[in-house]
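2 protein chains.
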Amino acid sequence: MITSGMSLAQTNPTQVVEDFKVSSTTQSGKQYPQVNSEGRVRTSILAPQALKVQIDIGAKKYDMVKDEKGVWTGESAPQDEGFHYYQLNIDGASVPDPGSLYFYGASRAGSGIEIPAKDQDFYANRNVPHGQLIETHYFSTTTKSVRRVYIYTPPGYDKSKKKRYPVLYLQHGMGEDETGWGAQGRANLIMDNLIAEGKITPFIIVMENGSVNFGGGPRTPRPATGAPAQGGAPGQAAQGQVAQQGPPAQAAAQGQAAPQDTTRRRPGGGMGGMNVAGQFERILFDDLIPYVESNYRVIGDQAHRAMAGLSMGGMQTKAIAIANPDKFSYLGLFSGGTIAPSEIKDLESFKKKTKVVFMSFGGREGGSSRIAGVADEWNKAGIKGVSYVSPLTAHEWQSWRRSLNEFAQLIFKN
Amino acid sequence: MITSGMSLAQTNPTQVVEDFKVSSTTQSGKQYPQVNSEGRVRTSILAPQALKVQIDIGAKKYDMVKDEKGVWTGESAPQDEGFHYYQLNIDGASVPDPGSLYFYGASRAGSGIEIPAKDQDFYANRNVPHGQLIETHYFSTTTKSVRRVYIYTPPGYDKSKKKRYPVLYLQHGMGEDETGWGAQGRANLIMDNLIAEGKITPFIIVMENGSVNFGGGPRTPRPATGAPAQGGAPGQAAQGQVAQQGPPAQAAAQGQAAPQDTTRRRPGGGMGGMNVAGQFERILFDDLIPYVESNYRVIGDQAHRAMAGLSMGGMQTKAIAIANPDKFSYLGLFSGGTIAPSEIKDLESFKKKTKVVFMSFGGREGGSSRIAGVADEWNKAGIKGVSYVSPLTAHEWQSWRRSLNEFAQLIFKN
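First to last, the sequence lines map onto chains S and U.
In terms of my numbering, the first sequence opens at residue 1 and continues consecutively.
In terms of my numbering, the second sequence opens at residue 1 and continues consecutively.
The hints are simulated quantities; they were obtained by calculation from the structure and are not laboratory data.
Just so you know, not all the hints are guaranteed correct.
Treat identical chains as interchangeable: a pair holds within one or across any two.
Claimed, not checked - No more than 25 Å apart at the CA atoms, straight line, and that leaves these computed lysine-lysine pairs for BS3-like: (1) Lys69 x Lys413; (2) Lys162 x Lys66; (3) Lys162 x Lys380; (4) Lys144 x Lys21; (5) Lys327 x Lys413; (6) Lys21 x Lys345.
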């Protein structure tokens, strides 16, 4: 099937290593997509009448080659270890690869692929006690709609009827939603493994949708039906009713990202002067935290409350923490810029309640050279500052999985 | 954009009603797919170089029409109310619609669409207290792998620390998996609404993957890595490691269904003489029930244990209940054939423990005319027999949502 692909590869200076295996994010029973030891993605699709078929990954398109049966096959250049969004292009149509699993990110539900990593054991689905990844719904007085939230509870949560836990509010990036940290981030598996190894104080994680109206951004009138602004996610129907025609509230914001791994091309975010916290700050304090604290066994004080996020979620963490210095004791910005002591109005007061400020970047991101210095500023100011640089990764989920793995080991220790 | 589609429609004897609205299963921010008041599905895709683009739904393909900008638009014939799998065909390639949400069924993750139904309020996401749809993992000694399971717990489960609940083991159909009842079936929302209206005794639902080795079917050697045979599902990565090359264990079984709404074309199942319970029976009794009973607050006796399933899941319910008459008190077969008193070896003993036998079909399925008579046989034999026919639906999720809604009101009442 791949003879013509082979001959093409042989004309290239770089030989493709022929040890492709079905990916862990390939659908059950499907033979493609596959990944080789170099991190190349190879996929294959029957499209007998098509004129041109490409794999679109990492902001590059790679031509596939057709065989005599009408099956197109081709592969990408080597990709970084970890998770990547991608798609196929068939005669000008950008579509998901019918062989892959689907994930919500880059402002669309679509294909994702896992490149095996040397350190993948920390997010593998191992035979250890497993916590719960809970999908539930609550009514937000801010948006006047039923909103979906994901909550991770540690192994044993349902057995210990009295024990209460610290809680981390953990945010996704732009163009992603509340499913991201569970599906692409594997946050639940990272936690299960850390807990099994006794490396962390077990805590609850709350994951909601931060892609709501931004204070300084364009506003689209909300539909009158009360349908939630957050869209559905892979495999989840959004509402029993048909949504009103017209873009939902966050469409304007999401529309800025094309359906590709665009985040790689915009290290630092490009959020300009927008008030990134915006409506989400009200949802968080007026609706979400009260809901969580009255429905889950969390310890509802600042000392046992953390906030972190990736990219836009890190910027939201910063904006919300600065505006609300009495709410969180641990802050994490994953590829989300820096927060420095000079940005805090009342540093002496901040110092009494804030225990750790954590900043990370992928080693291939520009910001990675700046965070060690800023972390030092925190240490000098009397608050523990920690920086982390993820080796050989960019603005992508492998950086954020590793960041969560590091951050989790630092918080709720005292 | 749809001018050419319009003129095509006008040449048809049937006029298409132009009241299309964005579907509830359309991705946030996308304008297509849409549905009109007739239940027609209209979608649209940019494919400038394509020669032919079709919507493939309900086992029929509908030609789409290209405009001068290279955007293809077209619509299907009216579909039944409720949920349907579908896909696009671009120059011979069958691919998901990039505008829709994705669901696992018909042996693939792919597009699904919701046609608004007159009775949709019973599965709508309403402002009522919501239970939890929990994703968790446990180790199966039968498959020697970590398996994923979904568990619904009613509102207040985490607050009442002592209350124990009855439990329903609820199975999907062929080519589907453990995500089906939550995503397409909306089982959690059906339960939340029934509980809010005081119509049922609150209970827990356990949803696992029944598509494992069938006793009488072909067996493919399991990979030696211990990777789970059940594949991933929409939005969920399966394993941190790369699966071994070659089809997973259930590929042979799943391969029988093409990636379409094939279930419609096979009312009654077509499982032949296969032992449909197979390995799942061992998983259920050796691994799953013990796991659930030791980790969730269920009442672990026959009187508080029910089993039901759709299509293949109904056949599994029947096979397992007949072979294990001491395990379940309530049985539900949704489009899964019939179970008659004559099929029970020791009817007198069965009668003491079995409270309700429920059988349902969509009104457009052949089996719908048979179940009332079989229910009567149960009533005459001294066990409550109930039949239900879903109006104007076929072998599809709307029949099964309604069946769950009916069945839930009959069980755990005494």
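Each hint tested on the structure:
{"no.": "1", "hint": "Lys69 x Lys413", "in the structure": "neither (61 Å within a copy, 59 Å between copies)"}
{"no.": "2", "hint": "Lys162 x Lys66", "in the structure": "neither (62 Å within a copy, 63 Å between copies)"}
{"no.": "3", "hint": "Lys162 x Lys380", "in the structure": "neither (39 Å within a copy, 50 Å between copies)"}
{"no.": "4", "hint": "Lys144 x Lys21", "in the structure": "between (48 Å within a copy, 22 Å between copies)"}
{"no.": "5", "hint": "Lys327 x Lys413", "in the structure": "within (17 Å within a copy, 46 Å between copies)"}
{"no.": "6", "hint": "Lys21 x Lys345", "in the structure": "neither (54 Å within a copy, 49 Å between copies)"}
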